[in-house]
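Novice: Listed here are the chains, written in short residue letters.
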Amino acid sequence: MTSIAKPQIPLLPLERNELGLTIRDYSGSMSTLCAGCGHDSVTAAIQEALWGLSIPPYQVAKLSGIGCSSKTPQYFDSAAVGFNSVHGRMAAVASGAAAANRGLVVVGVSGDGDSLSIGLGNLAHAVRRNVRMLYVIANNGVYGLTKGQFSASADIGSRSRKGEPNLLPPVDPMLLGLSLGATFLARGFSGDKAQLVPILRAGLSHGGFALVDVMSPCVQFNDHEGSTKSFRYVREHELQDIDADIIPVRGQIHSEQTPGAVTEVELHDGSRVLFRAVPEGYDPRDRGRVGSYLVESARRGEIATGLLYLDETTPDMHQLGGTPEERLWDLPFERLCPGSAELAKFQARLR
Amino acid sequence: MTSIAKPQIPLLPLERNELGLTIRDYSGSMSTLCAGCGHDSVTAAIQEALWGLSIPPYQVAKLSGIGCSSKTPQYFDSAAVGFNSVHGRMAAVASGAAAANRGLVVVGVSGDGDSLSIGLGNLAHAVRRNVRMLYVIANNGVYGLTKGQFSASADIGSRSRKGEPNLLPPVDPMLLGLSLGATFLARGFSGDKAQLVPILRAGLSHGGFALVDVMSPCVQFNDHEGSTKSFRYVREHELQDIDADIIPVRGQIHSEQTPGAVTEVELHDGSRVLFRAVPEGYDPRDRGRVGSYLVESARRGEIATGLLYLDETTPDMHQLGGTPEERLWDLPFERLCPGSAELAKFQARLR
Amino acid sequence: MAEVQLPEAPSQARVNEFALKLANVNGTGSASTNNLLMQTIFRMGVPVSGKNLFPSNIQGLPTWYEVRVSQSGHTARTSSFDLMVAMNGQTYQQDIQEVASGGYLVYDDSWPLDPEMRRPDITFLGAPLAQLCAQRFLTVKERILMKNVATAGLVAALLALPVDELSKQLVAAYSRRPQLLEDNQAALELGYQHARDNFPCPLPFHVEEVGAPDGRILIDGNTAVALGAVFAGATVGAWYPITPATSVMENFIRLCAQYRRHPGPDGQEGRDYLILQAEDELAALGIVVGASWAGARAFTSTSGPGLSLMQELLGLAYYTEVPAVLVDVQRAGPSTGMPTRVQQADLLSAAFASHGDTRHILLFPSDPRECFLHTVRAFDLADRFQTPVVLMSDLDIGMNDWEVPELTWDDSYRPDRGRLLGTEELERLEQFWRYGDPDPEWTTPRAVPGETPRAGHLVRGSGHDFRAIYTERPDEYQEVVDRLLRKHRAAAAHLPPPVVERREGAPFGVITMGSCDLPVREALEQLPGPEPSYLRITGYPFPPAVAEFIEAHPHCYVVEQNRDAQLRSLLLIETGAGGERLRPVLSYGGLPVTASFVRDRILEQESPQ
Amino acid sequence: MAEVQLPEAPSQARVNEFALKLANVNGTGSASTNNLLMQTIFRMGVPVSGKNLFPSNIQGLPTWYEVRVSQSGHTARTSSFDLMVAMNGQTYQQDIQEVASGGYLVYDDSWPLDPEMRRPDITFLGAPLAQLCAQRFLTVKERILMKNVATAGLVAALLALPVDELSKQLVAAYSRRPQLLEDNQAALELGYQHARDNFPCPLPFHVEEVGAPDGRILIDGNTAVALGAVFAGATVGAWYPITPATSVMENFIRLCAQYRRHPGPDGQEGRDYLILQAEDELAALGIVVGASWAGARAFTSTSGPGLSLMQELLGLAYYTEVPAVLVDVQRAGPSTGMPTRVQQADLLSAAFASHGDTRHILLFPSDPRECFLHTVRAFDLADRFQTPVVLMSDLDIGMNDWEVPELTWDDSYRPDRGRLLGTEELERLEQFWRYGDPDPEWTTPRAVPGETPRAGHLVRGSGHDFRAIYTERPDEYQEVVDRLLRKHRAAAAHLPPPVVERREGAPFGVITMGSCDLPVREALEQLPGPEPSYLRITGYPFPPAVAEFIEAHPHCYVVEQNRDAQLRSLLLIETGAGGERLRPVLSYGGLPVTASFVRDRILEQESPQ
Ligand SMILES: Cc1ncc(C[n+]2csc(CCOP(=O)(O)OP(=O)(O)O)c2C)c(N)n1
Ligand SMILES: Cc1ncc(C[n+]2csc(CCOP(=O)(O)OP(=O)(O)O)c2C)c(N)n1
Ligand code: SF4
Ligand code: SF4
Ligand SMILES: [Mg+2]
Ligand SMILES: [Mg+2]
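Residue numbers (this note's numbering), protein chains in the order written: chain A, 1 to 351; chain B, 1 to 351; chain C, 1 to 609; chain D, 1 to 609.
Think of the hints as simulated: they come from the structure by calculation, not from any bench.
Be aware that a few hints might be false.
What the hints assert, rightly or not - Calculated Cβ distances over 10 angstroms to all of chain D for the following chain C residues:
#	residue
1	A31
2	N35
3	S110
4	W111
5	R176
6	P200
7	I275
8	G333
9	E430
10	G529
11	R563
Stated by the list, open to error - Quick list of simulated restraints, FRET-style, between CB atoms:
#	chain 1	residue 1	chain 2	residue 2	range
12	C	E525	D	P528	53 to 61 angstroms
13	D	D109	A	A344	42 to 50 angstroms
14	B	E325	A	G36	41 to 49 angstroms
15	D	D437	A	R299	56 to 64 angstroms
16	C	D482	D	Q605	45 to 53 angstroms
This structure is a prediction, so every number in the text was calculated from the model and none was measured.
Even glycine gets a Cβ: it sits at the ideal position worked out from N, Cα and C.
Produce the complete structure using the sequences and hints provided.
Specialist: Next comes the structure, spelled out in C-alpha cells:
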C-alpha cells in the first residue's frame with residue numbers, strides 16, 4: 001500500500017543539478033502519512049538536500065527504524081536501496097552498512113521514540129563511533145504510529161490528546177549528543193525548509209556522524225494546545241538565532257542568507273559551512289559553552305535551531321579503523337584470504 | 001564459591017550505630033575479587049555508609065547487573081535480600097523493586113560496562129523516572145570479568161594490557177546524567193574512603209535517583225601505565241575540589257571536614273549536605289554551569305570529584321505516580337479488587 | 001482456495017443468518033458507524049461478531065469491518081458476504097469479488113461505477129451519499145464524518161434495524177454536544193430515508209429482534225485482560241506501546257484511574273497502582289521482574305517484537321524463580337510482520353523463551369471472557385509456581401469486540417501467593433533457604449526484600465544451589481534445574497483444563513487453541529459423516545488428557561494460525577505422538593481463520609480426490 | 001552416578017593410556033604449566049586432550065586441568081584419574097575422591113595433610129614444592145609462579161616426559177627475558193629432580209614417545225572459527241565480549257592484524273577489515289545485518305545471553321533475507337548460568353529464534369577442525385540462502401585445545417555469494433524485484449546499495465510482496481513466507497552431510513551432535529553385544545538421511561548435553577518419529593560428557609534390572 005505511485009502532475013521545467021537531474025529524480029512513492037504530517041516536509045527537505053548536493057541517487061543507502069517517521073525512506077529516492085529495519089536499531093544497522101561500504105551516502109531517518117526511547121543506547125554508541133552518516137530524528141514528542149503516547153522527548157507539562165500531562169524530563173538529543181562527544185549537532189523545524197535544507201546539506205557533507213534533530217509536529221496526536229511540539233508552539237518559540245548554511249564544492253547554495261556575524265568552518269570534504277551566530281561570538285566548537293547555551297535556551301522555553309555544534313577534527317569510524325580507501329565489501333578475495341601456504345605456516349606453531 | 005564465610009578475626013570492640021549495630025552487621029560473604037580490586041573498597045564504603053545512617057540492614061534491597069562490580073552485593077549486608085540480575089538491566093529491575101515497595105532502601109551496584117555500554121539506555125531512563133535509589137557505578141574503564149576489553153568509559157588514548165590505545169570518546173556518566181535531567185550526581189574514588197562514604201550517605205538520603213560514579217581501578221586489567229583509570233593516574237589527577245558531606249538526621253558525621261566555602265543543602269529526607277566548592281561560588285544546582293565545569297575539567301585531564309549536581313525539588317517516581325505512602329506490594333486486597341458489584345456495574349456499559 | 005457457500009444458509013432462511021462487510025478509508029471516522037451497527041444488532045439479541053481489518057498506518061488507507069450475524073451462534077469470521085458496503089473506491093474491485101452470489105453491493109453513486117466492475121449475479125445499490133452530505137453539511141470534515149453516519153442509516157434500513165435504537169445511541173454519545181448530535185441525527189435519517197425510498201427494504205437477509213441480550217456482553221480481549229489484572233490485584237504495570245497490545249495497558253490505566261484512586265488520610269492523592277511506560281520491552285519486563293521480586297503483582301503486555309526482546313529477562317525470571325505475568329497479543333510475524341493482522345505464531349518463542357533449558361507456562365484464551373479469567377489465573381500461577389506465565393492472546397481476540405457471557409466474580413477470591421512467606425513465618429523458620437525444602441509441586445519458600453533480617457539471600461541468574469549461592473558444581477546445579485523441570489510439569493494440573501469433547505465412533509480428532517475455537521466448531525458441524533472429537537488446548541504444559549486424546553484417535557488435525565505448525569510441534573515434543581498422527585491445518589494469511597477453510601482442508605485430506 | 005573404571009585400561013597396559021588432573025587456584029599462572037605438559041605429550045605423538053575447568057572469576061578460585069592420554073584415540077573427558085596433582089588445599093577433599101583406585105595423588109607437603117583425608121587404595125606423594133620455591137626464589141610473585149613450573153617438572157618425571165622438551169619450550173617462550181627463563185629452568189629442574197630423588201619414577205602409567213605428531217595440530221575451536229572467518233573473506237566483525245565466545249573475535253583481531261594489513265599506495269595504513277566492539281549484542285548483530293546487507297561478509301560471536309538479545313534482529317534478517325553469520329559458543333544456561341561450563345542447550349532458541357514463524361540454519365561442529373570448515377561453509381550458506389546461519393560451537397570445543405588433523409585449504413576456493421547480482425547483471429535485467437524470480441532452491445536476486453539506479457528498492461521487516469513492497473494482502477504475504485519455508489528446506493542439501501555409520505544387525509541407533517562425538521564413540525565400543533549404528537547430526541535443517549536412519553532402527557538414543565532433550569525435540573518435530581523411538585541420554589552438569597556416562601545410561605535402558 002505504501003507503494004502508490006506519485007501522480008505525475010505536469011510541472012514547469014524543473015531546475016537541474018550538476019548531474020543534470022531534477023528534484024523528481026530524487027522522489028519516492030506517495031506518502032501514506034497523515035495529511036499535513038511534519039514528516040513529509042522532512043522527506044521533502046532530505047530530497048532537496050540530496051539533489052542540491054548532486055549526489056547520485058543510487059549512491060544513497062537510506063535506513064530507518066520503525067514508526068511513522070521511519071516509513072519515510074519509502075517516500076524519497078526510489079533509485080536507492082533502503083532498509084526499513086526494526087525499532088530502535090537503525091543506528092547499529094547503519095553502522096554496519098557504513099562499515100561495509102564507505103562510499104555510500106548513508107541517510108538514516110528515525111523518530112524520537114525510535115531514537116530516544118528504545119534506541120537511545122544504540123544511537124549513543126553510533127555517535128561515539130562517529131559513523132559517517134546523516135542521522136535525522138523527525139521529532140514530534142510522541143509515538144505517532146502507536147497512536148500518541150508520550151515519547152522521551154515530550155516536554156514536561158505538555159499534554160496528550162487525552163489531557164494527561166507529561167511529567168518526565170525530555171531527552172534533548174542535542175545535549176545528549178554533546179555529552180557523548182558528537183561531532184555534528186544541528187536542529188531544524190520541518191516547517192522551515194529554508195533553514196532545514198542547508199542544515200541537512202551540511203550534515204550530508206560532514207565527515208562523521210551528523211545528528212540532526214528536526215521538530216516535526218504530529219498533526220494527529222501532538223498538534224494541539226498544550227503540546228510544545230505543535231506547529232503553533234514551535235513557530236512561536238523557535239530561536240532562530242543560529243543558522244547554518246553550506247557552500248559545498250559539489251553544488252550551489254540555495255537558501256536565503258541572513259545578515260549577521262559569520263563563522264566560516266571548513267567541513268571534512270572541503271565544503272564550507274557559514275555559521276551565523278546571533279548571540280555575538282557563539283562558537284559551535286566550544287563544547288562547554290554550547291552546553292550551557294542549550295540549557296539556557298531550554299530553560300527559557302525556547303528551542304535553539306541551527307548548526308549547534310561542530311567538531312571537524314575527530315576521525316570517523318573508518319579513519320579510526322585504518323581501513324583502506326576502497327569499499328570493504330568488494331575487496332578482491334585474493335587480498336582477503338591468506339591462502340594455503342600461510343595456513344600451513346600458521347599451523348607450524350600449533351605443533 | 002562466592003559464599004566463603006568471612007574469617008572471624010577478633011577485633012577491638014566496634015563502634016555501634018543508633019540501632020546498636022556494628023559495621024560487621026552490614027557485612028557479607030568474603031570477596032572473591034582479585035586482591036586489591038577497587039571494587040572491594042567500594043563495597044566497604046557502601047557498608048560504612050549504610051551503617052553510618054543506621055539503616056536497618058534488612059531494609060536494603062541490593063541489586064546489580066553482571067560483571068566483577070556486579071558481584072559485590074554478595075559482599076555486603078548479608079541480612080538483605082538481593083538480586084544479581086542480568087547484564088545491563090539492573091536499572092530496570094531496581095525501578096520495579098522501588099515501585100513495588102517504596103520503603104526499601106534500594107542500592108544498585110553496577111560497572112561501567114554494565115551501565116554505560118549495554119545498559120546505557122535503561123540507565124538513562126531510570127534517571128529520567130527519578131527512581132529513588134542509590135546507583136553506584138564502580139567505574140574502571142574496562143570489562144573486568146571478560147578480561148580487559150575497553151568499556152565505554154575508557155579514556156581516549158588509554159592503553160589496554162595488550163598495548164592497544166582506545167580511540168573512542170569516553171561516556172562520562174556525570175555529563176550524561178546532567179543531559180538527562182538527573183537530580184543527584186556525584187563522583188568519588190574507591191581509594192578515598194573519607195570522601196566516598198559521605199557521598200554515598202548523601203546518595204542514600206537523596207529523595208530520587210542518586211547516581212554515584214566511583215573511579216574503581218581494576219588491578220588486573222587497567223592498573224598499568226597508559227591507563228587513565230589506574231590508581232596512580234587517579235591519585236595524581238583527581239580534582240578534589242568539590243566535597244560532599246552529610247549530617248543525616250539519623251546519624252553522625254564520620255568524615256573529616258575540609259575548610260572552604262560551604263553551600264548547605266537540605267536533602268529530601270531532612271538531612272543536610274554540606275557542599276564545599278573550592279572554585280569560589282560553585283553551585284551544584286546550576287545545571288548549565290555544572291556542565292561547563294565538567295567539560296572544562298575533563299579537558300584539563302582532571303577528574304572532578306565530590307557532589308557535582310543536586311536538584312532536590314524534582315519529585316521522584318512515586319510522587320510523580322501519586323502512589324500512597326504505603327507499599328504497593330502488600331496493600332490489602334480489598335482495596336485493590338473492585339469486587340463483583342462493580343464488575344456488574346462496569347458491564348452494564350457493555351450491553 | 002475459493003470458499004464454499006455455507007450450506008446452513010439457504011437464501012429463504014436468511015433472517016438473522018448472514019454476513020456484511022463495510023469497506024472504508026481509515027482515519028475518516030468509520031469506526032463509529034461500525035460500532036453503531038454492531039451494537040444495535042447485539043441489543044436485538046442476535047449473536048453477532050465484528051472484525052476490524054485495519055492497516056498499519058494512521059490515516060488514508062483501506063480499512064474494512066466485517067459483521068457476521070448468526071442466530072445459530074456461528075460468529076466466526078467468514079470470507080463471503082451477503083452485503084458489501086463499498087465506500088472506498090481504491091478497493092472496489094477487490095470488494096466486489098467478496099460478495100456472495102445473489103448478494104448485494106452498496107456503493108456511492110455520486111461518482112459512476114466502472115461498468116467493467118459489475119457482476120451479473122449480484123445486485124448493485126447506488127446511493128449518492130457524498131452528494132447528499134455535501135448538500136446538507138458545510139465543512140469538508142463534517143461531510144466526511146457524516147457520510148459515515150448516513151451509511152449507518154442506510155444499512156439500518158436494508159437490514160431492518162430499528163432506527164430509533166441507533167438514534168438512542170447517538171444521543172448517549174453526543175448528549176453534551178448538541179450541534180454534533182443534531183448533525184448525526186440528520187445524517188442517520190438521511191441515509192435511512194434514502195434507502196427506504198429507493199431500495200427493496202429490508203433485504204431478504206436481515207435482522208429480527210429476538211429479545212434483550214441477557215447475560216451477554218460485548219467486549220474486546222484487551223479490556224478483559226486489563227479488568228483481570230485489576231481484579232487479580234496487580235499494582236505495577238510496565239509496558240512499551242505496540243500494536244495490538246497497546247490497549248491492554250491503556251485500559252489498565254483507565255480502569256485503575258476509575259477503581260484504584262483512594263485519597264490518603266491528609267487528602268493527598270493515593271493511587272493504588274504504578275504504571276510505568278518503559279523505554280523499551282527489556283525495561284518493561286525488567287521492571288515487572290523487579291516489582292514481582294519485591295512482592296507486587298506486576299505485569300506487562302506486548303506483541304511479537306517485544307517478546308523477542310524480552311527473551312533474556314524471561315530466562316532470568318525462570319531461573320531465579322521470580323513470578324512475572326506477560327500478555328502476548330499475537331500479531332502476524334515474522335519480524336515487524338503485519339502489525340494489524342492476526343496469527344498464533346509465537347508459541348515456540350514463548351514456550352522455550354531464552355537460551356539454555358527453559359520452559360514457560362502458557363495460557364491460550366479463546367475469547368475475551370477467557371482473557372479475563374486466564375489473566376487472573378496467570379497471576380495465581382505465576383505466584384504459585386514462581387515463574388513467568390505468558391497469556392497468549394491475539395489481535396482478533398484482543399482488539400475486536402466479542403459477544404461473550406457476562407463476567408462473574410467470586411468475592412471470596414483471594415490471590416494465591418504461593419509460598420511467599422510473611423515475616424512471622426520467616427522468623428519461625430530455623431533456616432531460610434530460598435531454593436530449599438521443595439513442596440510436592442517442587443516450589444520453594446520465597447521472601448521479599450525489606451521484611452526481616454532472617455531471610456537475607458541473593459538471587460542470581462548464574463548457577464546456584466538450593467541456598468541461592470553461586471555454584472559450578474554439577475550436583476548442586478542439577479538439583480535446582482531438575483526441580484525446575486518437575487515444577488513446570490506440576491503446573492499442568494493447575495492450568496485451566498483443556499476442553500475435551502470425545503465422541504463415540506469419531507473418525508478422527510481435531511485439536512486447536514485460542515481464537516480458532518469458533519471456526520473449528522463451525523467446521524465440525526459442516527463435515528459429513530460421524531462427528532469428530534474436539535480438543536481445545538488451553539495451556540502449556542499439557543495435562544495427561546492431551547496425550548490421551550491423541551492416543552484415543554487414529555489421527556488428529558491440529559488447526560492453528562501459523563505457517564510452521566507450532567502447536568503441533570509442541571504436541572510432538574511433549575506427547576511423543578508420531579508425526580503421522582498429527583496432521584497440520586494451517587491458516588496464516590493474517591485474517592482470522594474461517595470455518596470453510598478448516599472444513600475444506602480436512603475434507604481434502606479425508607477424501608483425497 | 002559413580003563412574004565405572006574403564007575396562008580397556010588394565011593397569012599393566014597403562015603406557016600411553018591414562019588420565020591426570022591438576023587442581024589449582026586461578027590467576028596464579030597454572031595455565032602455563034598445563035600447556036607445557038599438554039604440548040609435550042602432544043609432541044611425543046600420543047593422542048592427548050586437555051580440559052580446562054575454570055571458574056567465572058579472575059583470581060583466587062579453584063581451577064582444574066584434566067589431561068587424557070590415549071594411544072587408542074579415546075581422548076574424551078573422563079571423570080576418574082590415575083594421577084591427581086592436588087595443589088589447592090580448598091579442594092583437596094573433592095580432588096581425592098576423583099582418583100581411581102590404585103592411582104596416585106601428588107600434594108604439597110610443605111603443610112601436613114589431614115590424615116582423615118587419606119584413602120587406603122591410592123598412593124600419596126608429598127612434595128614440599130612451596131618450601132623448595134621459597135628457598136630458591138625471592139618475591140612472593142616469583143614463588144607462586146615458579147611453584148607451577150616446578151610442578152610441571154615433577155609431573156614430567158612421574159610420567160617419563162622428556163625434560164629437555166619442556167625446557168626447549170621454556171626457551172621458546174622466554175627467549176627475550178633471560179632472567180625469567182633462568183628462573184623457569186631452575187624451577188623445572190627443581191621439581192624434576194625432587195621427583196626423581198623421592199618418587200617411583202616413572203609411574204606404571206606414563207608416556208612413551210611414538211613419533212612426531214605428523215599431520216596433526218593442537219588448536220582450540222575459537223581460534224579455528226576466527227581462521228575460518230579470515231579465509232572465508234569476512235571483512236566486518238562486530239561483537240560484545242562474553243565468555244566463552246570472547247576469544248573468537250580476539251583471535252579474529254589478531255589474525256586480521258597479521259594477514260590483512262596491506263599498506264595503501266601512499267603509505268597510509270590499509271587494514272582490510274573493520275572490527276567493531278559494539279555496546280551490546282543487539283548492536284553487534286545489527287551491525288552484522290547492516291554490513292551484510294551492504295555486501296560484506298560479516299559475522300558476530302556470542303554465547304547464550306547474547307543469543308537471547310539477538311532474537312529480534314535474527315527475525316529481521318530471516319524475513320528480509322539478509323545473510324548473517326553468528327557463532328554461538330554455547331555455555332551452561334539458563335540465564336547467566338555457569339559461564340565457564342559447557343552445555344548444548346541453545347538449539348531451540350537458535351533454530352526458532354524470534355517470534356513469528358522463523359527457522360534458521362544451524363551447523364554443529366564436533367571439533368576445532370570442523371569449526372574452521374563449518375565457519376567457511378556458514379558464510380557460503382548465509383550468502384547462498386540469504387539468511388542467518390548459526391554455528392553452534394560450545395565452550396569445550398571453543399576454549400580447549402584439541403588435537404585434530406592439520407587444516408587444509410583449497411586455493412581455488414572462491415566465496416559462494418549466491419544470487420548477489422553485480423552492476424552489469426542488474427543493468428541487464430528487465431526489471432529487478434528483490435523477492436521475485438525464485439531459483440529452484442527458492443532464493444531470489446539480491447542487490448546491494450550504491451551500485452546502480454536500476455535496483456532501487458526498500459527491504460523491510462514488515463509484510464511485503466515479491467517486490468519488497470509493503471503488503472497486508474494474505475496472498476502476497478504468503479507467497480513470500482511460503483518461499484522462505486521452502487528455501488530453508490532446500491538448504492539441507494548444502495549443509496555438511498551428517499555422519500552416518502549404519503551397522504548390519506545393529507540393535508539400535510545412537511544419535512548425537514557436536515562435542516559429544518568422542519565420548520559417544522568411545523561408549524559404543526564399550527557396549528556389549530552387536531555394535532549399534534551411529535549418526536552424528538551436523539546441521540539443521542536435516543537432510544532425508546536423518547529420518548531414514550531413525551526409520552531403520554527400532555529405537556535410537558539421542559545423546560546431548562542439555563536437560564530438555566533439545567536435539568531430540570528438533571528430531572521429533574522434523575522427522576515425525578514418535579517419542580518411543582527416540583530415547584534421551586542427557587548430560588547437563590556443565591562438564592563435558594564422558595563415555596562411561598553415555599554407556600551406563602544406554603545400558604540401564606537396554607537391560608533394566
Ligand atoms: C520492539 C518494538 N516495540 C514496539 C513497537 C511498536 N512501535 C512501532 S512505532 C513505535 C513508536 C514510534 O515512535 P517514533 O519513533 O517517535 O515515530 P513516530 O511514529 O512518532 O514518527 C512503536 C512503539 C515495535 N514496532 N517494535
Ligand atoms: C548479555 C550479556 N552479554 C555479555 C556478557 C558478558 N559479560 C559479563 S561481565 C561483562 C562486562 C562487565 O564490565 P563492567 O560492567 O565494567 O564490570 P567490571 O567487571 O569491570 O567490574 C560482560 C561483557 C553477559 N554476561 N551478558
Ligand atoms: S500519526 Fe502523526 S506522526 Fe504519524 S503520520 Fe500521522 S501526523 Fe504523522
Ligand atoms: S578483574 Fe579487575 S575488576 Fe575484576 S576483580 Fe579483578 S581487579 Fe577487580
Ligand atoms: Mg515520534
Ligand atoms: Mg568495568
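Novice: Is the Cβ of W111 (chain C) farther than 10 angstroms from every Cβ of chain D?
Specialist: Correct as stated: the minimum Cβ-Cβ distance to chain D is 25 angstroms, above 10 angstroms.
Novice: Hey, does E430 (chain C) actually stay past 10 angstroms from chain D on C-beta?
Specialist: Fine: 26 angstroms to the nearest Cβ keeps E430 (chain C) off the interface.
Novice: Quick check on a hinted range of 42 to 50 angstroms for D109 (chain D) and A344 (chain A), using CB atoms only.
Specialist: holds, 47 angstroms
Novice: E325 (chain B) and G36 (chain A), beta-carbon distance inside 41 to 49 angstroms?
Specialist: Since E325 (chain B) and G36 (chain A) have Cβ atoms about 47 angstroms apart, the given range 41 to 49 angstroms holds.
Novice: Would you check whether the claim that G333 (chain C) is not at the interface survives, using Cβ distances to chain D and the 10 angstroms cut-off?
Specialist: It is violated; G333 (chain C) is separated from chain D by about 2 angstroms at its closest Cβ, not greater than 10 angstroms.
Novice: Can we trust that R563 (chain C) is non-interface, i.e. its beta-carbon lies farther than 10 angstroms from all of chain D?
Specialist: violated, 4 angstroms
Novice: Classify the label on R176 (chain C) as holds or violated, using whether its beta-carbon is more than 10 angstroms from each beta-carbon of chain D.
Specialist: holds, 37 angstroms
Novice: May I ask you to test the hint 45 to 53 angstroms on the CB atoms belonging to D482 (chain C) and Q605 (chain D)?
Specialist: violated, 19 angstroms
Novice: Per the hint of 53 to 61 angstroms, is the separation of the Cβ atoms of E525 (chain C) and P528 (chain D) within bounds?
Specialist: Hint holds: Cβ distance 59 angstroms, inside 53 to 61 angstroms.
Novice: Please verify that the nearest CB of chain D lies beyond 10 angstroms from P200 (chain C)'s CB.
Specialist: holds, 34 angstroms
Novice: Quick check for students: does the CB of I275 (chain C) sit more than 10 angstroms from each CB in chain D?
Specialist: The assertion about I275 (chain C) holds, with a minimum of 24 angstroms to chain D.
Novice: Would N35 (chain C) pass as off the interface with chain D, using Cβ distances and a cut of 10 angstroms?
Specialist: Its Cβ never comes within 10 angstroms of chain D, the nearest being 22 angstroms, so this holds.
In this structure, the earlier hints numbered 8, 11 and 16 are contradicted, and the remaining ones agree with it.
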